[in-house]
Amino acid sequence: MADTKPLSFQQIILKLHNYWSDRGCVILQPYDMEMGAGTFHPATTLRALGPDPWNAAFVQACRRPTDGRYGENPNRLQHYYQYQVVLKPSPPDIQQLYLDSLVAIGIDPMLHDIRFVEDDWESPTLGAWGLGWEVWCDGMEVTQFTYFQQMGGFDCKPVAGELTYGLERLAMYIQNVDSVYDLDFNGNGVSYGDIFLDNEKQMSAWNFEVADTETLFDLFNKAVVECENCLEAKLPIPAYEQAIKASHVFNLLQARGVISVQERASYMGRVRDLAKGSCEAHMIKNGWAA
Amino acid sequence: MTDFLLELLSEEIPARMQAKARADLQRLFTEQMTAAGLKAGAITVWSTPRRLALIARGLPAQTEAVSEEAKGPPEAAPDQAVEGFCRKNEVTRDQLEVRDVKGRPTYFAVINKPGRDTQDVLAEAIPAIIRAFPWPKSMRWGDASASTESLRWVRPLSGIVAIFGDDLVPCEIDGMTSAYDTVGHRFHHDGMITIGNADDYVEKLRACHVIVDHEERQNIIRDGAAKAASDAGLELVEDEGLVIENAGLTEWPVPLLGAFDPAFLDVPEEVIQLTARVNQKYFVCKYPPNAQDGGGAPPSAVPAATSPSLRDREEKLAPYFVCTANIDASDGGKAIVAGNEKVLAARLSDAKFFWELDQKTALEDHAKKLSNIVFHEKLGTVADKVERVAKLAEWLASLEGTGLLRANPEQTKQAARLCKADLVTEMVGEFPELQGLMGGYYAEKEELPVEVSQAIRDHYKPVGQGDDVPTDPVTVWVSLADKLDTLACFFAIDEKPTGSKDPFALRRAGIANLSLWHDNKLRGSHLKVLRQAIAIAAEQMPTLKERLENLSKAAGVSENLLKRAIDREAEELWGFLVDRLKVQQREAGVRHDLIDAVFALGGEDDLVRLLARVKALQAFVETTDGENLLAGYKRASNILKKEGAGAVRVERSRDTDEGRHGLSTSLETNGEGLKPLSYTPEKAEKTLIDALDAAQPQVTAAIEAEQFEQAMTALAALRGPIDQFFEDVTVNDDDGAKREARLALLARFRNAVHQVADFSKIEG
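Listed in order, the protein sequences are those of chains A and B.
For what it's worth, this note's numbering labels the leading residue of the first sequence as 182, then goes sequentially.
For what it's worth, this note's numbering labels the leading residue of the second sequence as 1312, then goes sequentially.
Here chain A stands alone, though its shape is the one from the complex:
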């Protein structure tokens, strides 16, 4: 990293695309819905169910309204990118595959301290859990590494391995910058801040101050009803999209501070029911036994 110019943000993505494409992955584009993590992408959630092999890699924009800092915090964003790899069934050399991908983006494991540190994963809203690690590079968490054990309340048969790279963190590390907004985006004069700083400022204001809460409550309820409607029509994929929608609206309501602690659990429970219902319908539609 010392002598050559480090990879730009988009080069990191391209390198990872090439790397995983060479290893037989389907390279997908981001899902066109707002979601809190790449795990929500149907290519992760729904594809983790059932017996069919599935290998895919994609970038997913993640929205976490409560993490917004009006562009003032160098490390926190309400909108950022994850690089997501799903390998099902988990291959025996998955750790080595992952480590080689780090080498591909310019991290030399003889120069840096790469470690697998226990971190179990659980998503109450997806009714999912898995075991794995957070991967540390010189003390920084750069990837979440999970073996899915359950999704939507169903045992994963077989188990999928999920790799979630924090792209901004990795890029800040590789480019040695202290603020996300200083990241070199394209290697040709455009920074991350040029693209996203205004977005962060405006979206933070909207998330925290402006978003009309009545509309949001209404959206939430409509998503719930629509999800149930889809489930009745035995259409798990659109049902699951409504679950994603409800989940994101719930996150927005949280950011607006209008959901009390008491109500929080019940809202999360409703989202979980939608997600689980969609997963169940997906299993049934495909004729997979629980």
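No lab work stands behind these hints, which were simulated from the structure alone.
Fair warning: this is a prediction, and the values are worked out from it, not measured in the lab.
Heads up, a few of these hints could be off.
Stated by the list, open to error - Below, simulated DMTMM-like cross-link-like pairs (lysine to aspartate or glutamate); rule was C-alpha separation at most 25 Å, straight line:
no. : chain 1 : residue 1 : chain 2 : residue 2
1   : A       : K186      : B       : E1652
2   : B       : K1653     : A       : D248
3   : A       : K338      : B       : E1652
4   : B       : K1680     : A       : D248
5   : B       : K1663     : A       : E407
6   : B       : K1331     : A       : D248
7   : B       : K1645     : A       : D363
Starting from the known structure of chain A, fit chain B onto it as the hints suggest.
Structure of chain B alone, referenced to chain A:
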């Protein structure tokens, strides 16, 4: 005799699970060997993040041959039965012996089991050990996970090395077979390593940058971290937990010193330490004594030497840390240190941001947000709890009486109102374990009275036995009010601990409450305080009040419903606390039966006095006088029990209100048996009467003066007379008048003893 090596290779095993995994491996192996009749010499177990290893020395090559006998059917039994027996025991008919069993010729099979090769025993034992391994959490993986029945391990199991002597122990589990091959360090060594036997295992791994002995790695980290610090003129803040954790995260540990911007030292050092330790697993460093400007930091970098602090910072944190890398990096660790410094700086700047942001809001305003946090669905929000605690703390601080701590009620109320405010601060949101401490710091920054900031900081104390017990009056009352409210409220909604379940940690709150009273020698009626705590809760929460009133109704009470319910709840809670007292005092060697004996008197609800009585009693019953008096008491008590009538008369006064509240030292029963005798008493009878006449007023006076040893001495004077009485006098005399008078005398004796304690509760 042959040595055995087993290595179970795995993807990274969580550090915190490794110690138990080693113990489990040793236990399971030993169980397998014992079941096969094999006894190993020394067994060693090691762990790294990627492997569990076991070496068993000196195993025999074979198990011993065993001869067993099985009794079969009688000789006269049908052929079918005999053949079945042969099949079952794998013998032929001509191998059977006939022996006489109670006159009946019966078949016997003698089964000679030859010794088995240990090799074979091991080959069976290894899969059994793997399948039985009790990981706290386990998982499935890979192709095999298409079935939920596939092998489970803590993380994917990736290899098995099993060598007996120089021979491979061939075994297979879920498609994985044992081998001589293992892997070295993940980055320092490519490819496989072939192990020859138990003796070359450690050194072959070491050559490939794996130190398999966890204790050796711990030593390297402990010594290396200390040296890295001292080389820079610093002192490492020792942390054995961190040593063990880092040893569990590395196969080739390399401690490295890094630094952070001294400007971060504005943040309380507990925060820095937690950030470094919990999030990053770093050691922190301090300046050695009398070397405040040492360590290479410019003098200006040492901040806040003059700023007043809650804590006496004798040893100041230095802006350095030690991280433990898992690699001998090609640049000597420069890049690793730079990376770790960056991560810590980002963490600390978050912490500094929280620290500064939190201070922009006064604690009083933070506290308002507590109304958004539910304390318990039946007990309102945390703000409601705080309101109750404030009322109770103010009331406690205003209590008049000797043996109580004088605290400013206003300060006490203020501290109580603010004590939970830090729960909604960003910092405590990030580090819940800093609750209290942060509130204390923020209160200090607001320049609130030191009594108030101290109380906010320490009101959770004591947390568990052995923790410091607060002594500052304001802190004591706030801490007590917090715990008493928790106890009173959860008891009032019937959420009491049962068996091993105590979800609201009421036992701990109970013990903390007792420690506060005990260590501060607080005097006064516990029941009164408990009643107040319940009353405050009932006043605040109409549903709770209604619940209590309904309880009274259900118990058939018709008036003063709330008061009667509060009385009952307080009694129950006091009983619970006395039970906790037995547990708490066990370590101090105080006998639980003696606590029962004093508690059973009723009316004693002054903790300090109760314990003083118990201790005096314990000293007494362990003397010969005490033992004999106890024997005399039991004899008298048995006779009275048999005769029934006397007992009823004597017990009567204990159920009246006077008997229950205040101190039952006057014991109206004193005079009851004193009807003039219609006959001339026998000598021993007269002696006992005289002794009681003399002792009773002495016991009463001594108890009133809280001179419990004196009360015991006075009781001891009854020992001789009661022994003599039983020796010489027949209680169950044919003359009804004598009999009645003597029973009354025994009752009087028992009452005298009961002034001190209910001896019937004393064991032995």
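Structure-based check of all given hints:
1. Proposed proximity of A/K186 and B/E1652 is supported: the alpha carbons are some 22 Å apart, at most 25 Å.
2. Using a Cα cut-off of 25 Å, the hinted pair B/K1653 and A/D248 holds, with the two alpha carbons roughly 21 Å apart.
3. This hinted pair does not check out: A/K338 and B/E1652 have alpha carbons roughly 42 Å apart, beyond 25 Å.
4. Restraint check for B/K1680 and A/D248: the C-alpha separation of about 20 Å stays at or below 25 Å, so the hint holds.
5. A threshold of 25 Å between alpha carbons decides the hint, and for B/K1663 with A/E407 the separation of about 45 Å lies outside it, so the pair is violated.
6. With a C-alpha separation of about 38 Å, the suggested pairing of B/K1331 with A/D248 is violated against the 25 Å cut-off.
7. Distance restraint check for B/K1645 and A/D363: the Cα-Cα separation of roughly 24 Å lies within the 25 Å cut-off, and the hinted pair is therefore satisfied.
Checked against the numbered hints listed earlier, the structure breaks hints 3, 5, 6; every other hint is satisfied.
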